[in-house]
Amino acid sequence: MSSYRQILYHIVFRTKNSKKTLSLSNNDELYKYIWGFIKNKNCFLYRINGMEDHIHILSDLHPTIALADFVRDIKTSTSIWLKNNDKFLDFDGWAEGYAALTYAHRDKDTIINYILNQQDHHKKISFEDEYRMLLEEHGIIIDERFFP
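In terms of this note's numbering, the sequence shown opens at residue 1 and continues consecutively.
Under the rule of at most 30 Å between Cα atoms (straight-line distance), these lysine-lysine pairs were calculated in the BS3-like manner:
1. 16 x 75
2. 41 x 75
3. 39 x 16
4. 108 x 20
5. 124 x 16
6. 108 x 123
7. 83 x 19
8. 39 x 19
9. 19 x 123
10. 16 x 41
11. 41 x 19
12. 75 x 19
13. 32 x 19
14. 32 x 83
15. 83 x 20
16. 41 x 83
17. 32 x 87
18. 124 x 75
19. 39 x 87
20. 123 x 16
21. 108 x 32
22. 39 x 20
23. 124 x 108
24. 16 x 108
25. 83 x 16
26. 39 x 75
27. 75 x 123
28. 19 x 124
29. 83 x 39
30. 39 x 108
31. 123 x 32
32. 20 x 124
33. 75 x 87
Honestly, the hints are just simulated from the structure, not real lab data.
Computed from a prediction, not measured in an experiment: that's the story for all the values here.
Between the sequences and the hints, there should be enough to build the whole structure, so can you do that?
Right under this line is the structure:
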């Protein structure tokens, strides 16, 4: 008998101190790097996008990979890559922690569109308010130590 799985994660993490160090004009290079990383982990990237101070990823997660390891490895690998890339000179690291929210497969297109429209979305709402809203929608108790 075969094993089946469908594990969709909407992963969000921010830059250290929420500094705007991810140049929107160069983020496509970063997103391609992350796509390659995710592909090499036998996972599938549905959508990636973000702003100068945070990233949203919608990906499945291969059952052999622990979520905490997956996010840690993405952040470690991209941190090294960003610090060695002259297009991201101001980048000084990722903030501690992340949000990983699970979704049903039927919600995939809604989340893809949400991630795709980050630039328009953030004309109306700050990252902090967006992050709080996502956590609250999922019934997650917010630790105020991690909010400015």
